[in-house]
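Asks: The whole structure should be built from the sequences, with the hints applied where relevant.
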Amino acid sequence: MQATITPGKKPKQASRNLTQEIDEAAERVTNFLHAMTLEIQMLARACGKADVHDLDPEDLRALTLESSMITGLPLVGTRRVFGGGPGWKEDTTNAHTR
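Numbering-wise (this note's numbering), the sequence shown opens with residue -2 and increments by one.
Treat the hints loosely; a few may be bogus.
Using C-beta positions, here's what the derived DEER-type ranges look like [stated by the list, open to error]:
id	residue 1	residue 2	range
1	Arg76	Ala32	38 to 44 Å
2	Val49	Asp20	27 to 33 Å
3	Leu30	Leu62	31 to 37 Å
4	Gln17	Gln38	46 to 52 Å
5	Ile19	Met39	26 to 32 Å
6	Glu63	Ala22	43 to 49 Å
7	Arg25	Arg76	38 to 44 Å
8	Ala22	Asp48	27 to 33 Å
9	Cys44	Gln17	39 to 45 Å
10	Glu36	Thr16	27 to 33 Å
11	Gln17	Pro54	29 to 35 Å
Derived by calculation from the structure, the hints in this document are not laboratory data.
For glycine and all other residues, C-beta sits at the position ideal for the given N, C-alpha and C.
Replies: Encoded structure:
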């Protein structure tokens, strides 16, 4: 970040403003990371896990039909995967036997 000095302001004052802006930005990043930590802890508890590190890939679910088809994850509330995930193509060779 480059400090811009506006006419009428002394360089020391501009430097102090820049320092204050950096401190405020650092505080916002800290708040964001703290909020994300709390949210992942709530997610782990909602999955019945005591610790975040106990989460497994099986705990992941897609929220929409489209996201289930794209990711290959089961739709929330089901164990069914719609589509086949990345690179999935329907097998049309035996379509009449299904």
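Asks: Does each hint hold? Answer for all of them.
Replies: Each hint, compared with the structure:
1. Arg76 - Ala32: 38 to 44 Å: violated, 31 Å
2. Val49 - Asp20: 27 to 33 Å: Between Val49 and Asp20, where Cβ atoms are some 29 Å apart, the hint holds.
3. Leu30 - Leu62: 31 to 37 Å: Given range 31 to 37 Å: holds, Cβ gap about 33 Å.
4. Gln17 - Gln38: 46 to 52 Å: violated, 32 Å
5. Ile19 - Met39: 26 to 32 Å: holds, 31 Å
6. Glu63 - Ala22: 43 to 49 Å: This hint is violated: roughly 36 Å between Cβ atoms.
7. Arg25 - Arg76: 38 to 44 Å: holds, 40 Å
8. Ala22 - Asp48: 27 to 33 Å: holds, 31 Å
9. Cys44 - Gln17: 39 to 45 Å: holds, 41 Å
10. Glu36 - Thr16: 27 to 33 Å: Taking Cβ atoms as reference, Glu36 and Thr16 lie about 31 Å apart, which means the hint holds.
11. Gln17 - Pro54: 29 to 35 Å: violated, 44 Å
The structure is inconsistent with the numbered hints 1, 4, 6, 11, although it conforms to all the rest.
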